[in-house]
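Chemist: Here are the chains, one letter per residue:
Protein chains: 2
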Amino acid sequence: MKTCYEFANFEQIEKKVLALKTDSIFFIVDERVWFLYKESLPCTKVAEGKNFHVWIAPRGEEAKRIGEFEKCVEFILEKGVHRNSHLVAIGGGAVSDMAGFVASTILRGITWSIIPTTLLGMVDASIGGKVAINSRFGKNLIGAFHSPQNVWINTDFLNSLPEDELESGNGEIIKYAFLSSEIYEAIMNDVNRDSLIDLCVRYKMDFVTRDPYEKKGIRRVLNLGHTFGHALEKTFSLRHGHAVVWGMVLLFQILNRQDLLDKLNALRINLGWHELPPPWSSGDVPINKILSYVDKDKKICDSKTISIVCLEDIGKPCVQDLSLEEFKIKMQRALNG
Amino acid sequence: MKTCYEFANFEQIEKKVLALKTDSIFFIVDERVWFLYKESLPCTKVAEGKNFHVWIAPRGEEAKRIGEFEKCVEFILEKGVHRNSHLVAIGGGAVSDMAGFVASTILRGITWSIIPTTLLGMVDASIGGKVAINSRFGKNLIGAFHSPQNVWINTDFLNSLPEDELESGNGEIIKYAFLSSEIYEAIMNDVNRDSLIDLCVRYKMDFVTRDPYEKKGIRRVLNLGHTFGHALEKTFSLRHGHAVVWGMVLLFQILNRQDLLDKLNALRINLGWHELPPPWSSGDVPINKILSYVDKDKKICDSKTISIVCLEDIGKPCVQDLSLEEFKIKMQRALNG
Chain A
230 MKTCYEFANF EQIEKKVLAL KTDSIFFIVD ERVWFLYKES LPCTKVAEGK NFHVWIAPRG
290 EEAKRIGEFE KCVEFILEKG VHRNSHLVAI GGGAVSDMAG FVASTILRGI TWSIIPTTLL
350 GMVDASIGGK VAINSRFGKN LIGAFHSPQN VWINTDFLNS LPEDELESGN GEIIKYAFLS
410 SEIYEAIMND VNRDSLIDLC VRYKMDFVTR DPYEKKGIRR VLNLGHTFGH ALEKTFSLRH
470 GHAVVWGMVL LFQILNRQDL LDKLNALRIN LGWHELPPPW SSGDVPINKI LSYVDKDKKI
530 CDSKTISIVC LEDIGKPCVQ DLSLEEFKIK MQRALNG
Chain B
230 MKTCYEFANF EQIEKKVLAL KTDSIFFIVD ERVWFLYKES LPCTKVAEGK NFHVWIAPRG
290 EEAKRIGEFE KCVEFILEKG VHRNSHLVAI GGGAVSDMAG FVASTILRGI TWSIIPTTLL
350 GMVDASIGGK VAINSRFGKN LIGAFHSPQN VWINTDFLNS LPEDELESGN GEIIKYAFLS
410 SEIYEAIMND VNRDSLIDLC VRYKMDFVTR DPYEKKGIRR VLNLGHTFGH ALEKTFSLRH
470 GHAVVWGMVL LFQILNRQDL LDKLNALRIN LGWHELPPPW SSGDVPINKI LSYVDKDKKI
530 CDSKTISIVC LEDIGKPCVQ DLSLEEFKIK MQRALNG
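Sequence order for the protein chains is A and B. Numbering-wise, our numbering comes out as the position in the first sequence, counting from 1, plus 229. Numbering-wise, our numbering comes out as the position in the second sequence, counting from 1, plus 229.
Think of the hints as simulated: they come from the structure by calculation, not from any bench. On a predicted model such as this, the values are computed, not experimentally measured, just so you know. Among these hints, one or two may not hold up.
Remember, identical chains collapse to one label, so a pair may be satisfied in a single copy or spanning two.
Taking lysine-lysine and the DSS-like style, the derived pairs with C-alpha atoms no more than 27 Å apart in a straight line are [unchecked claim]: (1) 231 x 445; (2) 274 x 250; (3) 444 x 279; (4) 368 x 492; (5) 368 x 308; (6) 250 x 308; (7) 559 x 463; (8) 444 x 250; (9) 245 x 279; (10) 308 x 557; (11) 231 x 244; (12) 444 x 231.
Bound-form chain A, shown alone:
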């Protein structure tokens, strides 16, 4: 199913929710969003002939525990869901990942929509239909492909977003800027935030449409900065977008590309991101821990080589295969500065 992306304010979202062709809507709402925006959300409206049920999900990755998934599913089944019921996720990427997995599995799949409330959710998590919950052995290991019917983007939510979450979203936007010269130029020319979000959504959507089930490898370039990023994210408990940026920094260091490092710095400044020291600069670098995470990530491909998304220039990503040994040596060298 093709997802419909639209910018909409609270009033417009309410109308769109009420216009959904169903008598039964389940809302899964991030607890902080519920606390701050309860009165403005469509789920608190009374509408004739419509049954609304609200499930409050815990913040962040907590929402993606299998126990939380189970509680949420049982709540929805208890309330009486039918095949024409619709689910609406209101929250950041963690809440929409979980809610989408609920929507994909309840009665073997009901339709759903997302109202992303974080910048990362708007430009990344809500696009592509990848939904999942976490295992004890890693993030997003239990999931499905289940595209939402609608994504309603209301940037008013960003006004209350904590600084580090805003930065995390900007981290993914910086990634897009390296993949697309149009987005790079937009940031350097200080285009307004809504237009920038729109560019990122359309950029990712293009890849997703061409490879909805990630079968063709087309989506791989979207993982720029992610191979290192994921390992850094776990090692230093970073936010996802921060980790992606530091993953790119590490990649550009490995590739000996000072020009790209300079561009990254310029993008960071234009997006209002404070200068931060790399997480690996403080004290001892737990290189083995980082390498073990990269090694674990490797499990997803069945080979002794690791594919990394590299960059010839802005807008020119390419995939390079490195032997795992070669990769480890290069990473070690870069981390030790």
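Mind docking chain B on chain A? Use the hints.
Modeler: Below, chain B alone, put in the same frame as chain A:
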């Protein structure tokens, strides 16, 4: 993905498993099958360059509890699954339902195959890609569509199948006989068991291929006897196939079709099924309980009418819409004999 159905003995199955293009295979095996057939199963063979892992699942619906699903998924993730890993379910419908749901959600979907060990599994559960686990609020409420790559049918398993499980499989076969005159004739002409299974598989496959995600209503005729059957199954704790047969008996009584009741009796005798009194004949009939289950089933459609698969004649199913009230009155009349 189109499923490949093949009859195969233990030796042939072993070869086919070893020929799977992967270095990593997870087996989910019914505990009774494991106890009886351990030595003959492919999972106990040693094969160079292949990693085999075995998860023993409890018998019957117990395998489909969300807690069992979680334990099985975490086992597989702990052992190190990758996107090219393959899963093989060895057991009846409950085990393959659960295993298929595991295969559909692990890393957002890995390929899988089924070795059905019950007659019901061979002629029904293994066909169609519907996989699911149970909720506290009902069976198969959490699931997906995820077709297996292969179904390897080894009727040797049926030699150790308890009588009532064999009968349960024959119950679904009787249903097929009413839907297809070819299958009806085959039974009345005492065709051999393998050919009969083959006919049933091909009959159901035809519907599944034309409507893989149950979107078009084409598969609905396969539910002959199921609307009442499901309610009787829960009310009297019947086996599925038995419930389907009694569901058909009730339907034919409601439709005043003594000719179909006679044919059902002839089929039953030819399949070697002992005569049993209808479950509702002994003592008080809990009509309200039965009706409440039918009512609950109704939830899956968004209306005040209920669609029932009826039968003009052998091979001529049709769908009739009844108002829920009318339906209740007719059912009540039939149950009271």
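Chemist: Does each hint fit the structure? Answer for all of them.
Modeler: Against the structure, the hints come out as follows:
1. 231 x 445: both (18 Å within a copy, 19 Å between copies)
2. 274 x 250: So residue 274 and residue 250 pass the 27 Å test inside one copy only (17 Å; across, 54 Å).
3. 444 x 279: Between copies only: 24 Å across chains, 39 Å inside a chain, cut-off 27 Å.
4. 368 x 492: Neither, since 31 Å and 56 Å both go past 27 Å.
5. 368 x 308: between (29 Å within a copy, 16 Å between copies)
6. 250 x 308: So residue 250 and residue 308 pass the 27 Å test inside one copy only (19 Å; across, 44 Å).
7. 559 x 463: within (20 Å within a copy, 63 Å between copies)
8. 444 x 250: Cα proximity of residue 444 and residue 250: across copies only (17 Å, versus 32 Å in one copy).
9. 245 x 279: Classified as within; 13 Å inside a copy, 53 Å across copies.
10. 308 x 557: Between copies, since 24 Å is at most 27 Å while 52 Å is not.
11. 231 x 244: within (21 Å within a copy, 42 Å between copies)
12. 444 x 231: So residue 444 and residue 231 pass the 27 Å test inside a copy (17 Å) and across (17 Å) alike.
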